[in-house]
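J.: Now for the letters of each chain:
Number of protein chains: 2
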Amino acid sequence: MNTGTAAGQSPLALICGAGSLPLAVADYVAARGRPVLLFPLQGIARPEDYANRPHTWVRLVEFGAFARVARAAGCRELVMIGSLVRPSFWQVRFDLTTLMLLPRIAAAFRGGDDHILSSGVKLIEEQGFRVLGAHEVAPEILVPEGPLTRAQPSEGDRADIALGLDYLRATGPFDVGQAVVVTGKHVQAVEAAEGTDEMLKRIAELRASGRIRTPVGSGVLVKAPKRGQDLRFDMPSIGPRTVEGIVHAGLAGIAVVAGSTIVAEPSQLIAAADRANIFVIGTPAGNDP
Amino acid sequence: MNTGTAAGQSPLALICGAGSLPLAVADYVAARGRPVLLFPLQGIARPEDYANRPHTWVRLVEFGAFARVARAAGCRELVMIGSLVRPSFWQVRFDLTTLMLLPRIAAAFRGGDDHILSSGVKLIEEQGFRVLGAHEVAPEILVPEGPLTRAQPSEGDRADIALGLDYLRATGPFDVGQAVVVTGKHVQAVEAAEGTDEMLKRIAELRASGRIRTPVGSGVLVKAPKRGQDLRFDMPSIGPRTVEGIVHAGLAGIAVVAGSTIVAEPSQLIAAADRANIFVIGTPAGNDP
Numbered sequence: 001m002n003t004g005t006a007a008g009q010s011p012l013a014l015i016c017g018a019g020s021l022p023l024a025v026a027d028y029v030a031a032r033g034r035p036v037l038l039f040p041l042q043g044i045a046r047p048e049d050y051a052n053r054p055h056t057w058v059r060l061v062e063f064g065a066f067a068r069v070a071r072a073a074g075c076r077e078l079v080m081i082g083s084l085v086r087p088s089f090w091q092v093r094f095d096l097t098t099l100m101l102l103p104r105i106a107a108a109f110r111g112g113d114d115h116i117l118s119s120g121v122k123l124i125e126e127q128g129f130r131v132l133g134a135h136e137v138a139p140e141i142l143v144p145e146g147p148l149t150r151a152q153p154s155e156g157d158r159a160d161i162a163l164g165l166d167y168l169r170a171t172g173p174f175d176v177g178q179a180v181v182v183t184g185k186h187v188q189a190v191e192a193a194e195g196t197d198e199m200l201k202r203i204a205e206l207r208a209s210g211r212i213r214t215p216v217g218s219g220v221l222v223k224a225p226k227r228g229q230d231l232r233f234d235m236p237s238i239g240p241r242t243v244e245g246i247v248h249a250g251l252a253g254i255a256v257v258a259g260s261t262i263v264a265e266p267s268q269l270i271a272a273a274d275r276a277n278i279f280v281i282g283t284p285a286g287n288d289p
Numbered sequence: 001m002n003t004g005t006a007a008g009q010s011p012l013a014l015i016c017g018a019g020s021l022p023l024a025v026a027d028y029v030a031a032r033g034r035p036v037l038l039f040p041l042q043g044i045a046r047p048e049d050y051a052n053r054p055h056t057w058v059r060l061v062e063f064g065a066f067a068r069v070a071r072a073a074g075c076r077e078l079v080m081i082g083s084l085v086r087p088s089f090w091q092v093r094f095d096l097t098t099l100m101l102l103p104r105i106a107a108a109f110r111g112g113d114d115h116i117l118s119s120g121v122k123l124i125e126e127q128g129f130r131v132l133g134a135h136e137v138a139p140e141i142l143v144p145e146g147p148l149t150r151a152q153p154s155e156g157d158r159a160d161i162a163l164g165l166d167y168l169r170a171t172g173p174f175d176v177g178q179a180v181v182v183t184g185k186h187v188q189a190v191e192a193a194e195g196t197d198e199m200l201k202r203i204a205e206l207r208a209s210g211r212i213r214t215p216v217g218s219g220v221l222v223k224a225p226k227r228g229q230d231l232r233f234d235m236p237s238i239g240p241r242t243v244e245g246i247v248h249a250g251l252a253g254i255a256v257v258a259g260s261t262i263v264a265e266p267s268q269l270i271a272a273a274d275r276a277n278i279f280v281i282g283t284p285a286g287n288d289p
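Line by line, the protein sequences give chains A and B. So for the first sequence, this note's numbering puts the first residue at 1; every next one is plus one. So for the second sequence, this note's numbering puts the first residue at 1; every next one is plus one.
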């Protein structure tokens, strides 16, 4: 775990996508005594979240503008965090640096291609910045080992979790999804390009049409990082919306790999899960694919 | 390939689900000189398809009734073929034999559980019948090696096919889907409980929302039997509807494993594929997971 050694005293540039996770990361880093510069992404981060904090708006496609401000402030390390909605291309004004970097940066932000992703990081690092994972500067955002919730997995759920982890381990080399739904010891859905929320919707539909027959309140969403995944950019994450998806899908809970999964808004997530009697558990990293 | 050796001269009982495949199988078997008894499934097979042929309607849940007629006619072997829509349980009247067999038979028909499936076959065989695969009595329904269509896979398509087969090989032990969609060397969708048609719809949606960026007209549906799959019951199959799904999903073609994939309505499938410039290819069985 690197919490900023070599460039530890330089301010940290935090490029902020949507959601409250970037602000939580900023607070954790600031609590360690390190100055943080916030760069919320225009059209992606919500202005009201940043109203009371010093910040500089940037566009996803104006890397040059960001780089000038960040360099002037003495930043040598940056973290990108928060969810992204891909901007429409006609809403975008390019600057010269970005024009060159854009295709690879955009792809990196969306994830799903480890090769393009690491190229994107390399390009940013060629601009003189070191890219860190949010968890490296704020390990508090990681899911710890053990249950986060009052509810705990049953024996059957534990068997489903083990099967899901086995499946994700087997498909690790393929740079595909990071999640499966397992009920009654059957893999019922595999995430690929559609993402976790869409996969959970599918489970709800399959239940509604009677094609999944295991009882409502059984079955597990299992998430794990892909093998060789660049965790600085593309770590599996869960949040309150994941719990909502679990409830609609009629599943018993969520299992993620402890220490390599980000939890966004942990208190809301736990409250929502406890209300719905859903378990959320961090499995030992030894089971990490 | 067993085309009926020991009981070869006994009439073949053909339990017919929906579609034209059962009739094609009946014709191929009859052309070999073996008598065929047709047992279309009530509420599943279309009455007009059987109007001009001797037949006995049966219900999925009246195995005892079927067994009496088939035994009286000297049948010792049976084949189940055609697609099934699961009957609503309140539309069903049970007989005693079926009441005992029903849960396992129904599960076997739906597929997706190799263990239950083989138990279903075992139970039917305990009733004195030998269960054969349709391809064993009518090998003509299998996809041969090589392209069936005018269109052929490009170099890129061939790379996608190879990746898809690798993925299916890796997940073979998990009793999950038999199909993936690969575009631009990325697995974009993995079939599990939802089935191939639903997976292709998802690809169409992902394309529409810009989340799959490879050009329309590239990418491949790859299907393969699961390892250890009981091919008598649950062989991968393609038909004209698959081609329709491919067109909507903007893919270039379909690759299946030669000799272990059934093609329903081959002439319609090929005509539809040729109209849309879609390729359909049987890959060598050596690549079979």
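Treat the hints loosely; a few may be bogus.
Mimicking DMTMM-like on lysine to aspartate or glutamate, the simulated pairs with C-alpha atoms at most 20 Å apart in a straight line are [stated by the list, open to error]:
id, chain 1, residue 1, chain 2, residue 2
1, A, 201, B, 205
2, A, 201, B, 197
3, A, 201, B, 198
4, A, 185, A, 166
5, A, 185, B, 175
6, B, 201, A, 198
7, A, 201, A, 244
Hints listed in this document are in silico derivations from the structure and should not be mistaken for laboratory results.
J.: Give a verdict on every hint.
T.: Each hint tested on the structure:
Distance hint between residue 201(A) and residue 205(B) is fulfilled; the C-alpha atoms sit about 14 Å from each other, no more than 20 Å. In summary, the hint linking residue 201(A) to residue 197(B) is supported, as the alpha carbons are separated by about 17 Å, within the 20 Å threshold. For the suggested pair residue 201(A) and residue 198(B), the alpha carbons sit about 13 Å apart, so the restraint of at most 20 Å is met. Note on residue 185(A) and residue 166(A): the hinted pairing holds, with a Cα-Cα distance of about 12 Å set against a maximum of 20 Å.
About 10 Å separates the Cα atoms of residue 185(A) and residue 175(B), which keeps this hinted pair within 20 Å; it holds. Proposed proximity of residue 201(B) and residue 198(A) is supported: the alpha carbons are some 13 Å apart, at most 20 Å. A hinted pair counts as satisfied when its Cα atoms are at most 20 Å apart, and residue 201(A) with residue 244(A) qualifies at roughly 10 Å.
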